[in-house]
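Asks: Protein sequences appear in the order of chains V and B. Per the numbering used here, the very first residue in the first sequence carries number 1; after that it's consecutive. Per the numbering used here, the very first residue in the second sequence carries number 1001; after that it's consecutive.
A couple of the hints might just be wrong.
With beta-carbon atoms standing in for the labels, derived distance ranges [said to hold, decoys possible]:
(1) B:Leu1020 to V:Gly223: 31 to 39 Å
(2) V:Gly223 to B:Ala1030: 37 to 45 Å
(3) V:Ala205 to B:Trp1027: 38 to 46 Å
(4) B:Val1006 to V:Pro225: 15 to 23 Å
Covered by chain V, per the in silico footprint, the following chain B stretches (three or more residues, Cβ under 8 Å) [as the list claims (entries may be wrong)]:
(5) 1009–1020
(6) 1028–1036
(7) 1039–1049
(8) 1052–1062
For the chain B half of the interface with chain V, some residues (derived, Cβ under 7 Å), not all of them [said to hold, decoys possible]:
(9) Ser1003
(10) His1004
(11) Gly1005
(12) Arg1066
In case anyone wonders, no lab produced these hints; they're calculated from the structure. Model, not experiment: these values are computed from the prediction. Positions of the beta carbon are idealized from the N, C-alpha and C atoms, including for glycine.
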Amino acid sequence: MLVSQAARDEAVAEPARRWPRGVPGSRALVIVVLLLIAFFSAISGKPLDGLLLLLVAAALGWDARRPAQGPPAAGDLPAGPPVPAGPPVPAGTEAGWARPGEVARAAARASEANLPALLRASAWLLGGAAFAVVAGSFGRFSWPATIAVVGVGALVVLAGWRRPVRRQAVPGPLPRAGLLAWAALLAGAGLWELRALFSQPSLTATSYAHPTISALADPVLAGPPGRALVLAGWLLLGGYLVRR
Amino acid sequence: MNSHGVTLLGYLVILLAAVLLGVLGRWTRAPVPPLGDVLRRIMRTRTGRVGVLVGWAWLGLHFFAR
Chain V
1 MLVSQAARDE AVAEPARRWP RGVPGSRALV IVVLLLIAFF SAISGKPLDG
51 LLLLLVAAAL GWDARRPAQG PPAAGDLPAG PPVPAGPPVP AGTEAGWARP
101 GEVARAAARA SEANLPALLR ASAWLLGGAA FAVVAGSFGR FSWPATIAVV
151 GVGALVVLAG WRRPVRRQAV PGPLPRAGLL AWAALLAGAG LWELRALFSQ
201 PSLTATSYAH PTISALADPV LAGPPGRALV LAGWLLLGGY LVRR
Chain B
1001 MNSHGVTLLG YLVILLAAVL LGVLGRWTRA PVPPLGDVLR RIMRTRTGRV
1051 GVLVGWAWLG LHFFAR
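Model the full structure from these sequences, guided by the hints.
Replies: Here's what the structure looks like:
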């Protein structure tokens, strides 16, 4: 994540204004949402989900009330002006001054540098596939499946806690209408799922007339192949998110 | 249409709306940001990052953990 020098200087010079001891609004909103999901998970017969969400909500609240010590990590600073991505400049060249031969040599060097990255990506993909197959072979809601999923989930959340895994340019101001459309879609999906949940005979008994997404997923997740596929998709989504 | 069909239709509409927003954001000049940009914007702070990642972790827990 890239941050303008002005924003960084301002945050260092005036930590009290940038980093109040109270819980900021957006953080409070996230904590409230986490607490609500924790509550509904717990009363729906998923106490472990509820407990983990409760822990994360408490950790965020604790983090907000900690006195600021030194400049905050770059990932916690508000976004500065957008940084244009621009075309990549091959290593070893200076825009506007490279001779054609130098550009070709620099491109070749960049290609060689990408080889370890390709190997790393292949290793991650193979590891993820192995995890999906092994964890998918465990029964749903069994302790081995629980340990596998909780372990990976906790690792990813911890990885994202301190700083972004990969630095990326923050997009500039986004169109408000479009943001509202995405927010409305998310809220609508949540409300529709809640409507189905509360239309069931009880919170722990599924209903054919008002199926939740979980109930619709049951046939797919009944066998190891379906579970492995869904776990692979979950891992890919996690990999995508952690690189945002 | 019975209640089952109405519920499924609701999920289908939500899915199609998500696809439509994704297409508008990625391949047209409509004032709709791509989902990736929205997520990057949300995840520029620790709270946003942790919130999104916990949401993802919760999905796995919900479908597989006891």
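Asks: Give me the numbers of the hints this structure contradicts, sorted from smallest to largest.
Replies: Numbers 4 and 11 - these are the hints that the structure violates, sorted from lowest upward.
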